[in-house]
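Number of protein chains: 2
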Amino acid sequence: MTLDLSLLPDGGLHWLIGSGEHAGIVLSSRIRLARNLAGFAFPTRAREGERLRIVHQVRATAAKVPSLRDAAFVRVDECTPLERRLLHERHLVSRELAGLERPGADAPTGAGVLVTGDVGVMVNEEDHLRLQVFRSGFDIPGALRQAEQLDREMAAALPFAAHPEFGFLTACPTNTGTGLRASVLIHLPGLVLTQEIGKVLQGLQHMGLTYRGLYGEGSDVLGNLFQISNQTTLGRSEEDLSDQLVRVVRRVIEREEEARGVLSRDAGYIIEDKLWRAYGTLRHARNLPAEEAMNLLSGLRLAVGLNLLSGLSVYTLNKLLIFSQSAHLSHAAGRVLTDGEANLARARYVRQILANEARLPG
Amino acid sequence: MTLDLSLLPDGGLHWLIGSGEHAGIVLSSRIRLARNLAGFAFPTRAREGERLRIVHQVRATAAKVPSLRDAAFVRVDECTPLERRLLHERHLVSRELAGLERPGADAPTGAGVLVTGDVGVMVNEEDHLRLQVFRSGFDIPGALRQAEQLDREMAAALPFAAHPEFGFLTACPTNTGTGLRASVLIHLPGLVLTQEIGKVLQGLQHMGLTYRGLYGEGSDVLGNLFQISNQTTLGRSEEDLSDQLVRVVRRVIEREEEARGVLSRDAGYIIEDKLWRAYGTLRHARNLPAEEAMNLLSGLRLAVGLNLLSGLSVYTLNKLLIFSQSAHLSHAAGRVLTDGEANLARARYVRQILANEARLPG
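The listed protein sequences derive, respectively, from chains A and B.
In terms of the numbering used here, the first sequence is numbered consecutively and its last residue is 533.
In terms of the numbering used here, the second sequence is numbered consecutively and its last residue is 533.
Looking at chain A on its own, in the form it has when it is part of the complex:
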């Protein structure tokens, strides 16, 4: 199949809009619920035929689930490698489900994803179903409400595997119980620049939270973007877990804002210089490797946050982050670009957006 992105409502990128609370710092809030169908082996143990029965059953059911009425269904295992990278870059599928862990690998048989608005449902990932809701900005309660609605609707149509005492059963015991992971994608350049970040991240772990890089488990922290999420799911309610995350993240946002205040006060012109140089490079470079772009875009986001630069909306900043990734650049070019070609295309894309949208002070 050829993936027609225009068939995905909002291209699966509704959260880019940058409309939520603290959207300048918290890019997105996500609730993920792990669910499995009773009577089937977990995907890692299931045979191919069983995995295919699962994906067909989920697809057939989706039509009856109100939250998924308009969802596009994508058979990830039938996508080209470029299409799978594209879905992964949009955070719609995990690295594993996209079969991107080794170069040249295929996606697992029966891998699929349902996408609509803020909602995505991965099929045959580590669990049979991974229900995900993305919200723009800092909106864990909104994401939780929407995810619980989706969960109730799907549970009415599909028999979920559950244990009366432990709760929902999952392939990995760490997810058993609520199967919930609540997370925010948060931009913390102030804490990184003031070297406070180490203490803050340590503090998270004492509160039962953890952090990862932009692309989830095992990925590096790039561009000062952290995914903060709960670590445990067993023995506590969904509301408890999400309230805990909200409280801690609210405190992290305050610490980040304090750090930005300190930077502006004590190192104003050093920071201004650093951010303007980042802008100058993004605005004029002809060759822009992905990792450098992430770091410079972090500077750009901070420059907007500090009101050094105007005209760039949070939406544009989010768009730059997603569309400057290699698979997106290849998609725009209509062919698979080499890394070198992608670096040139990335520089051109970023340059054009900034030429059109950024306004410089007098």
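Please keep in mind that the hints were generated in silico from the structure rather than gathered at the bench.
It is possible that some hints are incorrect.
No copy labels: a pair is met if it fits in one copy or bridges any two.
[As the list claims (entries may be wrong)] The calculated lysine to aspartate or glutamate pairs, modelled on DMTMM-like cross-linking and capped at a C-alpha distance of 20 Å, are:
| # | residue 1 | residue 2 |
| --- | --- | --- |
| 1 | 445 | 429 |
| 2 | 445 | 367 |
| 3 | 235 | 444 |
| 4 | 445 | 462 |
| 5 | 370 | 219 |
| 6 | 235 | 319 |
| 7 | 490 | 192 |
| 8 | 370 | 510 |
| 9 | 445 | 510 |
| 10 | 445 | 249 |
| 11 | 370 | 428 |
| 12 | 490 | 528 |
| 13 | 235 | 297 |
| 14 | 445 | 463 |
| 15 | 490 | 444 |
| 16 | 235 | 277 |
Remember, it's a predicted structure, so these values are computed and weren't measured experimentally.
Following the hints, complete the assembly by docking chain B onto the known chain A.
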């Protein structure tokens, strides 16, 4: 005395105009003639009173020398430290004559300079007189004609120390004979980037030439700017010496142009990226240390040479080089700036010039 730069014809910067041959590569051509007055000890051995008699005699004579009729006369030893740095940054006086070799030092007693158009005459430097002619671009013959004319006129008014066999006598024996140093200030980024520069500089030495940095003897090479000059003066005629320099420099220019061709052909986008990044930093940085500015301005000059950037004349490039120096920035600010303040002022000055004059491609 307070130095009124407006009294200096062209501010002593006539050569900035960028009009000569190969002006994009050769910034300026200079002829210097070392002369001493008969009957006085060399400046390094002369007592203060003797040095003062020399400077008074030269000043009195200047009025009778046609080439110096409109010259401004500056007593360097009566200038403030900032004024002395300013004269040095304009290449009108040497580091020694400006008393800049140690912080807090004074200029030597009787230090002076006459300035008009392309001509400068230092008084009480290593020799009693250092006659200098600067020409824009690559024009050693023009500079030599003008220097010889000045020399004849001054010799008619002042008794020069000479020996019938050796020629003109000078404080340092290496200058004895013609007292001539012919030099060009040349920009060789292509040879530096292709790493051919080592071979070229070695070749110079085999031809009896030598090289120095932007500020002459003992100064570092900054911004890929080299002063190439003759090493010996004894036993050869002025024309021989200058013809030799012209021949070799012509070959160096060819090598530089070849190197630029190789860069464009084999590393086009790498070079473009490097130069555009230099432009982006110059255009947007808020804090610009002097040495970094020199290197980035070298990139800018090359970008103009390769037609990547338009709207910037050679005059503007030369002006940026001179007026972004610390003493010039202090002069413009009307007070002595600290190094930190000068870095901010430098960034502001360069930014404004580029915002006004550079034209970016579509």
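Quick rundown of the hints versus the structure:
no.: 1; hint: 445 x 429; result: within (19 Å within a copy, 36 Å between copies)
no.: 2; hint: 445 x 367; result: within (19 Å within a copy, 34 Å between copies)
no.: 3; hint: 235 x 444; result: neither (56 Å within a copy, 54 Å between copies)
no.: 4; hint: 445 x 462; result: both (17 Å within a copy, 17 Å between copies)
no.: 5; hint: 370 x 219; result: neither (46 Å within a copy, 67 Å between copies)
no.: 6; hint: 235 x 319; result: within (17 Å within a copy, 99 Å between copies)
no.: 7; hint: 490 x 192; result: within (18 Å within a copy, 50 Å between copies)
no.: 8; hint: 370 x 510; result: neither (36 Å within a copy, 35 Å between copies)
no.: 9; hint: 445 x 510; result: between (27 Å within a copy, 18 Å between copies)
no.: 10; hint: 445 x 249; result: neither (45 Å within a copy, 42 Å between copies)
no.: 11; hint: 370 x 428; result: within (16 Å within a copy, 55 Å between copies)
no.: 12; hint: 490 x 528; result: within (12 Å within a copy, 32 Å between copies)
no.: 13; hint: 235 x 297; result: neither (24 Å within a copy, 97 Å between copies)
no.: 14; hint: 445 x 463; result: both (14 Å within a copy, 14 Å between copies)
no.: 15; hint: 490 x 444; result: neither (25 Å within a copy, 23 Å between copies)
no.: 16; hint: 235 x 277; result: neither (30 Å within a copy, 92 Å between copies)
Checked against the numbered hints above, the structure violates hints 3, 5, 8, 10, 13, 15, 16; every other hint is satisfied.
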